[in-house]
Each structure stands twice: as structure tokens, then as C-alpha cells.
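J.: Quick note, the sequences are listed as chains A and B, same order.
Just so we're aligned: 92 in the numbering used here is position 92 of the first sequence, and the numbers increase by one with no gaps anywhere.
Just so we're aligned: 34 in the numbering used here is position 34 of the second sequence, and the numbers increase by one with no gaps anywhere.
Mixed in with the good hints, there may be bad ones.
Unchecked claim - Straight line, CA to CA, 27 Å or less: simulated DSSO-like cross-link-like pairs of lysine-lysine:
1. B/K96 - A/K57
2. B/K70 - B/K96
3. A/K71 - B/K96
4. B/K57 - B/K96
5. B/K59 - B/K108
6. A/K9 - B/K96
7. A/K71 - A/K57
8. B/K96 - B/K56
9. B/K70 - B/K108
Treat the hints as calculated values from the structure; they're not laboratory data.
These numbers come from a predicted model, not from an experiment.
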Amino acid sequence: NAGVTQTPKFQVLKTGQSMTLQCAQDMNHNSMYWYRQDPGMGLRLIYYSASEGTTDKGEVPNGYNVSRLNKREFSLRLESAAPSQTSVYFCASSDSWTSGVLDQYFGPGTRLLVL
Amino acid sequence: TQLLEQSPQFLSIQEGENLTVYCNSSSVFSSLQWYRQEPGEGPVLLVTVVTGGEVKKLKRLTFQFGDARKDSSLHITAAQPGDTGLYLCAVEYGNKLVFGAGTILRVKS
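Here chain B stands alone, though its shape is the one from the complex (with noise of 0.2 Å):
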């Protein structure tokens, strides 16, 4: 059993739409972070989130860390092309990162 469940494992849609991903797990962090990965890059950190119900905006993004501090989601408004890609997301477990599996993005335009 993986410590983190993300999901939909696999998403398309056609630009413009918007979009919402999944972080949960059965287990309380600290924090937690999630990541872009763009095909052929390495992941690139997007944002922390530290308190029960935070919400973060970066651009289009939106980013909400449960009351409980156990899931988060990633919401994205009128999706682009630009926003393909693997998005992860991540806690810190023991003094090392432990990843979730990925939702894999598709933007059709």
C-alpha cells in the first residue's frame, strides 16, 4: 500500500477546461508539497503547504491542504497546453521526501 493515493491516475481534456487532482492518504503530515515534471525534465516544486485547510494560489493553480492534514488537492482553472505534464505530490516522511504516483496531464488544444 502506498503511503500516498493520487488520483485520477490519467487525465485529458481540451484547453480551456478546468480540472481538479487528488493527494490523500490515511496518515497526518507536517506538510506537503507538489511538483510538475515535464516529459524528459526532472520535477520542479510548485508549492508547500504546512497548515489544515491552507489554501495557495499560484497563477491558475490552486492548492488546498485538508483540515486534517491528510489529503490535498490541485485545482486547475482553463487549462492550457503549457500545463501538460506528471504532477506529484509529495510529504516528508522520516527526513526523506516519499512520493505519490503521479496524475498524468494531457491539455488538448
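In isolation and in its complexed conformation, chain A is listed as follows (with noise of 0.2 Å):
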């Protein structure tokens, strides 16, 4: 199982142009979420999709849409970036219903330059 996988890896826009950052997980999970990491901030939440077709804001969803596409698969947009929105982004996963606690899982992260 390759758990959670994110694409691309690495990318430099420039500001006003838009991306969407890739998401996909094997776990069979229910919920996923997208965060942002910046240095002396920890992880902030911009969405999460509890369940398929469903998504809600987090904590930071001021310049970022999500597609829930399917069970395995949720997708971060910028519609037009800006250079506050220069990140480390995470995508997790998590099935709280077998534990009872949220047991994230994260893909490798996503670093975002916007010039």
C-alpha cells in the first residue's frame, strides 16, 4: 500500500496563476483533509472532507477550493495565487470510526513558491 501520495512534489508559480494540488489515498479512509505548514505555525487546517461529498472550511480556507472526487481522492485548488499563500502543503487521511480517535495519516507534502 502506498498510503497517501500528493502531486506534484514541487512547484514555483508566479502570482495570478492558479494549480491544483493532488491527493490520493489506499487506506480506505473516509476523511481526508489538506494543510498548510508554515515555520513557527505548526499545521493549519484549510479543509477536510469527513466523508465522500462532503468538504468544510478549516481554520484557513481564504484562497483555496477542494473537490472531494471520489473516496480515494481529494484535490486542493489556488485560483490565483498569491505569494502569501508560499507553503509546505500536506494532505492526510484518517477512518476515526475504527479507533475512536483521529489516527492522521500524511502524505509526503507538496512545496509551494509563489514569486
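Join the two chains into one complex using the hints; note that each chain is given alone, in its own frame.
T.: Here you go:
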């Protein structure tokens, strides 16, 4: 099992460009998440999908959109990139029904630089 | 104000030394998790503690959940260079995980 995979690994954008970050999991998890990680600020939740067909805003949703394409895939879109969106983006998945606690499994991250 | 305060922010020690890092809050939680993130990788779950006063051991790592379930500590015995990374605590809050800012640990050989 590959776990959680993310593409691309690195991306450089110019201000105003758009792009989609892809995430897929093969663990049959119901819930998926998108975080951004900035120095000194830990992981901040952008959007999450508790189950297929649902999405909800997290702590820092402005400037982003998401799509839960199916149970396996959850994409994050930047419609008009800004330098403030330079960050490392992590996708995660979990299945709280088996553990009763949110044990999250993370992908390797996408490093995004917006010039 | 962050929900979880982690200290210290950065720790650099020699191989073989012991260390403790902390995760504190003024709120009470039903559980708390510790993750380790190596450079260039995503976080990996180390442990979940759910009972006040609970102590869990993972090889040289000892995790403790405070009696009042407001804080936790991670103690590493005889640190090794492979322990280098970012240590994050996290709690379930509104059916989501909220993370602390983390402690960056560097173990020099």
C-alpha cells in the first residue's frame, strides 16, 4: 500500500497563476484533510472532507477550493496564487470509526513557492 | 493565542543526552497525540494518550498525559541522531485535529 500520495512534490508559480494539488489514499479512509505548514505555526487546516461528497472549511480556507472527487481522491485548488500561499501543503486521511480517535496519516507534502 | 503551546521551540543536544519536551493547554481534552516529522517528510503518528496520568513507552520515548488531561510530555532517553525532527502534539477539537507549533529537535553525533 502506498498510503497517502501527493503530486506534485515541488511547484513554483507566479502571482495570479492557478494550480491544483492532487492527493490520493489507498487505505479506504472516509476522511481527508488539507493542511499548510509554515515555520513557527505548525499545521493549519485549510479544508477537510469528513466523507465522500462533503467538504468543510478549516482554519485558513481563504484563497483555496477543494474537490472530493471520490473516496480515494481529494484535490486542493489555488485559483489565483499569492506570495502568502508559499508554504508546504500536506494531505492526510483518517478513519475515526475504527479507532475512536483521529489517527491521521500524512502524505509527503507539496512544496509551493509563489513569486 | 494557540490552543496548544509547545516548549521549547528548538532544542539542540549531543547524542546520548536525555531531554523532555512539553505540550500545554488551559483546556481539557479527551485525548492527545504526538507526531514526529522528519525533514522533507510528512508527520507520522507516534502515540495517542487518552487517560489522565497515562504513561506510554515507545522504545526510548516515554509519553505522559497530565492528570488533568490539559498537558503532556515526551521524554527521550539517550537521544540519537535518528531522533532529529519536529515533534508535534495534537488534540481532537470539533471533530478535527489541532496541532501545536512543534519542537524542533536536533541531535548531534
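J.: List, from low to high, the hint numbers that the structure doesn't satisfy.
T.: 9
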